[in-house]
Amino acid sequence: MLLDPSPDQEFFRETTARFLAEKVPPDEVRRLRDDPNGFAPDYWRAGAELGWTGLLVDEDLGGGSLSGLGLVDLTLTAHEFGRRAAPGPLCPTNVVAEMLGRYGHDHRETLSSLVAGRATAAWCVDEPRTGSRTAAAPVDIRIDGDEVVVNGTKRPVEAGGTADVLLVTGRTGQGATNALVPRQAGGVTVTPLRSIDVTRRYAAIDFDEVRLPLTSLVGEAGGGADDATRARRTAIVVSCAESVGALQAVFDLTVAWAFDRYSFGRPLASYQELKHRFADMKTSLEGSHAIADRAAGAVATASSDADELVCAAKAYIGQYGSELVQDCIQIHGGIGVTYEHDLHLYARRAAANRSGFGTPAEHRARLADIVELREAS
Amino acid sequence: MTLETSDRAHVTETLDEFRARARAWIESNLERSDSSAYVGVLRPEASDEEELALVQRERDIQRAMFDAGFAGICFPREYGGQELPRAYQRVFDEELAGYEYPSRLQVPTFVPCAAVLLEFGTEEQKRRHIPAILKGEELWMQMLSEPSGGSDVAAAVTTAVRDGDDWILNGSKIWTTGAWWSDWALCLTRTNWDVPKNRGLTVFMVPLKQPSVEVHRIEMLSGSREFCQEFLTDVRVPDGDRLGEVDDGWTVGTRWMFHERMYRNSPYATIPAGTSRGASRMPELFAVARDAGRLDDPLARDLLGEARMLELVKQSLEQRVSTGVATRTMSDQAASIARLMSGVVESRLVTIGYEFTDANGAAWDEADGAVAQRGVDHLMRQVWCIAGGTTEMARNAISERVLGMPRERSHDPNIPFRDVPRSRPAT
Ligand SMILES: Cc1cc2nc3c(=O)[nH]c(=O)nc-3n(C[C@H](O)[C@H](O)[C@H](O)COP(=O)(O)OP(=O)(O)OC[C@H]3O[C@@H](n4cnc5c(N)ncnc54)[C@H](O)[C@@H]3O)c2cc1C
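Protein chains in written order, with our numbering: chain A, 1 to 377; chain B, 1001 to 1427.
Same shape as in the complex, but just chain B (with noise of 0.2 Å):
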């Protein structure tokens, strides 16, 4: 299955016709977002009940998403979705430019969690979960990374054993965005310590809000506490929320990290297009030269028009490797050059906003407008080159699986992995 939607489409209205009714519907039940939220990076926004506040909001707009009929636009019918093409998806998104949506659902649920699952879900898995995704009701998590290490996604050693019916996990995830006001996650875990470390793995389907799974925060540089720590204590998960087959989940894991890499471009997700918020740092940045006092500075302008030479060119990029996979021409594995350019970009306008605030950036007051924060920001821009796997990564999988280069050599190949080395535990 690739990116692009079925041929099945069930196209009742043009696409002029959708954009008409997609915008009355925006305009009359969505507000017009704050141009000054969500600038920076990971800021800590709000206490955690005004947090909870807002992750309701957006369940609640999800929900009448569904009702009007724009969740899941490129979703099969069959479970609650629009099965339209990707351009109303596009259209919806170019609408939605300048108003709020309910973007902590983005990603990971829709993507890459709800594309998981259409891929690999069972009939009964996918009636179940996809339209209770549509209405909001679920919110998904991603448990990949470990703290024995997440380059190597495929060592995980949380650990699932049969019994009976069900499956006892064991162990700990660690890194998860967001798991605290979160309903469900997929769980990579080890099946088998037998083989080799890719054919012993398994995924699984599970909630997070049960008493076996103990969620820690954990705070960032920022002061945000999003990240989180799982403590999988005995968490009985029957067979029927296995995700694929038992010891395959490694064939699930890569496709689950593709439509990670994809996301700015997957048919799943809704981002509002054009220079709004969360598809162009432009307003930000401008906001910080003129706060800063340095709209006119050569120097200033430079790097301003250098952030927006960036932004275009990882657009582009995005969209030519989208358009590669979807048609072919390009295998998947060019997802990870399209990552590599979103990590090396994002970080660089970082810097670039940091560049504009000269020592304010380093010790400033919140009367400082769009220049407060900024050095935290710059601390904490390295955040776009790990987060969805590192960038190192993304270079390995470009030289060895697109241009074709040798392997790195590692140091468990063919060997059962329980005989592998390991990380020393952190102390």
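One chain only, chain A, in its complex shape (with noise of 0.2 Å):
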């Protein structure tokens, strides 16, 4: 989390921290594993007004920033999330209302809707591989005259079953095209996924022959791609503040359990192999936090090395960050592998964000393309 926030983004962090602290304690958490939409709409409609969902949309549009930098914003409010393994869709309702922000005017009440917390969004981008055994027909948005049809399945969609809209990034010739649809179109089949986090809900949806009237297109027909490439750059950056805030609950619930627990007469804190481990955690958490906010500051401004920063971020944070919540689990020893004990609310955010966007060896392999393309020229 940032080093050094603002009056301002620590008085907005330290608000959502205290109302998640209240409203989502574990026990809560706990209880929402059996909650169909994991989360309440009076929860979600409070959080809105703490800010949570106007940051990456513009003044005029009903949203706004603290520093100007609404990504680095948002990072402190999914930092919060990640830390108390909070519910609701934060990722992809920001993503979608970022994304309608820029053509405002043609999606003005879907977007108001979203900032106010009175509906939710879902991006529905993830399809299953071809040739795997989940394979399935990719979507195809195509233009019939004055309608938009969409066809084909896109999973996981984080939020997919709860969401009142549906972003989805289709292809269209060549070319990407981004369309709203509502969950209750006529032809939209949404297929619940088990999941490892409590409180998310994943679905596979199906879309098949979904009929929609032009204006559902967010932008042009085909041209969708450069939106998309920035919607996903937007949910890395958001996951990996989330990540690294699950990591620094699971971290210091594991340093208090080191001075707490004792054996052989003496507290675990004081074996130095114990303490090296410690050590060795403490600095890939600091890293996660480092390259995190350097990723979040890089995007927010267009810089030119955004691409590779959260690249960097999300291959890091997946990988060290899964080596750092193992470690925590062993060393609570069995207590650690239990249902009751609040590590593992933490860890199954970190762990469904590792897959998410890209795995550590996705964006390791997109790492060695830009080096390579930045050494050539």
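None of these hints come from the bench; they were simulated from the model. Fair warning: this is a prediction, and the values are worked out from it, not measured in the lab. Check each hint, because a few of them may be wrong.
[What the hints assert, rightly or not] One-sided and incomplete, this derived list gives chain A residues near chain B with beta-carbon spacing under 7 Å: (1) Met1; (2) Asp4; (3) Thr283.
[Claimed, not checked] With the C-beta cut set under 8 Å, the calculated list includes, among others, these residues of chain B facing chain A: (4) Arg1301; (5) Asp1302; (6) Arg1308; (7) Leu1340; (8) Arg1395; (9) Ile1398.
[Stated by the list, open to error] Not close to chain B: a few residues of chain A, all C-beta gaps over 12 Å, as computed: (10) Phe11; (11) Ser112; (12) Lys275; (13) His289; (14) Gly336; (15) Arg364.
For each residue, glycine too, the CB sits at the ideal point set by N, CA and C.
Dock the two chains into a complex; use the hints.
Dropping the structure here:
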């Protein structure tokens, strides 16, 4: 998390932290496992009032940021979300709001309901891999007279089963197209998926000749690749900030445990073998904070190294975060693998985020491409 | 004092003007750096004569930088510096990317030695040495480690005994990189054996080129002979060359080690930024992958990506820690976090290079291009985890000083140092 937030940013973070501590303490998060939606509408509306949903949207469209860099401000919320394994479609709703905001006057109503927290959104982007057991038709978006027709399958879609609107990124000929589809539209079938995350609701979504008015397009038909790329960057920045929050929670719990738990008449924290592992964990945790914040800053300012930093953040936090979590579970011993202990609530969030929007290996491969291109030029 | 420079900065140029002046000067005065130089880990690059010529070239560059007003960008004016904010040093480093620069003078001359001098030196000491350092006339070394043990720095047994207005030093220092071509050293000595170890140390400034300091070269695994051991026999040092108070050398020593850990983000060092030599190993690693014919191999690309990821994280963490320390949102002890990361990352990068070479890393020909010698680098990769204090010591500092975990039990608390059990001498 930001090392030296401004007083405004700190107040904003602190408000969300207090709200989440009160509304979704660990017992509540545990209880939500059996809640089909994973969060309550009034909880989300209250969060929207605290500013969770408008940071990536211009002021004249009902949003606004604290620092002028809305994405950086949003990482503060995301960090708190991770720290508390908080429920709610923070990442998808913001990603969709940001994209709609770029075409604000076309989608004013949807946008204002998202910003106000009356509605939530999901971004339908991932498709099952060709040749895999779950392989299905990729999403095709065609223009048919004055209608947009959506066909194909997306999965997994975070918040796919609860969102009011689905932003679908599909193919139109050679290009990418983004379209807004109401979840209730005819031809949309939502199949809930099981998930490691207690509060998140993922789904597989089939679009079968879903017909919508042309006004459902976000941007130009076939010209949506840039928007999708930007959305992916935003999503990664938010998910990294969340993961770092989750790692911080896991680490803090484990440090406290090391002081409380005694073996052979002394606290775990006094054994050099464990102290050294804590030092390694602290180092990768601080490294995660550092790269996540740097990536957020680079994306927010559209710096030329933004892509590279985003890949590095996603790859590092995914890879080293998983190791950190496993070490923390190990140091807890038997209690570390129980549902009763809070540790896993945060571990789940970090683990789910590890695989979304590109695995560490995919981002490493991309980094190699980026560096090679630069070295060659 | 923090690593940020004071508010008294003498800003007469905007950053952009400064950048333009720096660029013009660099372009017309410095050579482009040879991208194949300084690859690998402490490779013997040249004969002694060539090495001395390179040291001389770096002194000359330093002098030219001084004359052009680019030396000591963040050093106080009264000692010959420019006293500009840190951003100016960063701009200079950015412009320096891809050019030769006085690399041998940065560590340890500027950081930690000059930084320690600035912090603890008397007015007279600073006026004598800092301008000389900025002009490239004095190259400094750090004499901390001893044959009887380096991690336990405060257990130094090189002794200084008072003799009128002088001190007489006896003992031996070891693992001193580059002492054979250097001029001065900061030397940690024992001045009191009758108090606990940390309370009986004193730091002196010692000229290296004198008959009573015998400098021996030590060969490393790579064949490099930069390592040295010094034997000090009745070295006479005037009291005026004492740095800090008598028996309070540990205060100096802890700041000394702090500056050493922070060198990559120190405002006192000049290190080219970006992907040029020194700042990134990516050009080197791509060269190995290319020469090994593995540029299209997905396994190799995964490792290249990992290398860049680690480099960026290391850099970002260094920035975070240096900002944290400068703004007091982190304690000085957080420097150990950056130190641990850099040790682990650097050694991993070397391993990645060796991975690309297949069996040719173990048996090569000089015509093999970037593949040659990677095996030696692999053997040497541990230096990053040893030099500047081991990663184990960094882990101790992080767990104990940053996380507040119980200290390791030591067997020397509150007893006179002379009664403390010591290493058996090496046979
Ligand atoms: C390339 C290079 C350049 C160097 N340049 C200089 C220089 O210019 N000047 C200088 O003074 N020194 C220099 N050094 C020396 C370096 O600072 C020491 O090697 C280092 O501090 C370790 O000391 P040592 O070698 O005596 O190992 P020891 O202190 O004997 O340690 C041996 C091993 O035991 C471990 N260990 C020791 N104590 C503990 C503990 N309490 N807990 C856990 N593990 C422990 C260490 O981590 C290490 O693995 C250089 C070293 C290298 C490799």
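The hints, checked one at a time:
1. Met1: Where the cut-off is 7 Å and the nearest Cβ of chain B is about 11 Å from methionine 1/A, the hint is violated.
2. Asp4: Constraint on aspartate 4/A satisfied, holds at 6 Å.
3. Thr283: The hint holds - threonine 283/A has a Cβ within 7 Å of chain B, the shortest such distance being about 5 Å.
4. Arg1301: With a minimum Cβ separation of about 4 Å from chain A (threshold 8 Å), the hint on arginine 1301/B holds.
5. Asp1302: Aspartate 1302/B check passes; min Cβ-Cβ to chain A is 5 Å, inside 8 Å.
6. Arg1308: Hint holds; arginine 1308/B Cβ to chain A Cβ min 5 Å, cut 8 Å.
7. Leu1340: Cβ of leucine 1340/B sits 5 Å from chain A, so the hint holds.
8. Arg1395: Holds: closest Cβ of chain A sits about 4 Å from arginine 1395/B, inside 8 Å.
9. Ile1398: holds, 4 Å
10. Phe11: holds, 17 Å
11. Ser112: Serine 112/A clear of chain B: closest Cβ-Cβ about 37 Å, beyond 12 Å.
12. Lys275: The assertion about lysine 275/A is violated, with a minimum of 4 Å to chain B.
13. His289: violated, 7 Å
14. Gly336: Nearest chain B Cβ is 19 Å from glycine 336/A, so the label holds.
15. Arg364: violated, 3 Å
Figure legend: structure checked against the earlier numbered hints; hints not met, in rising order: 1, 12, 13, 15.
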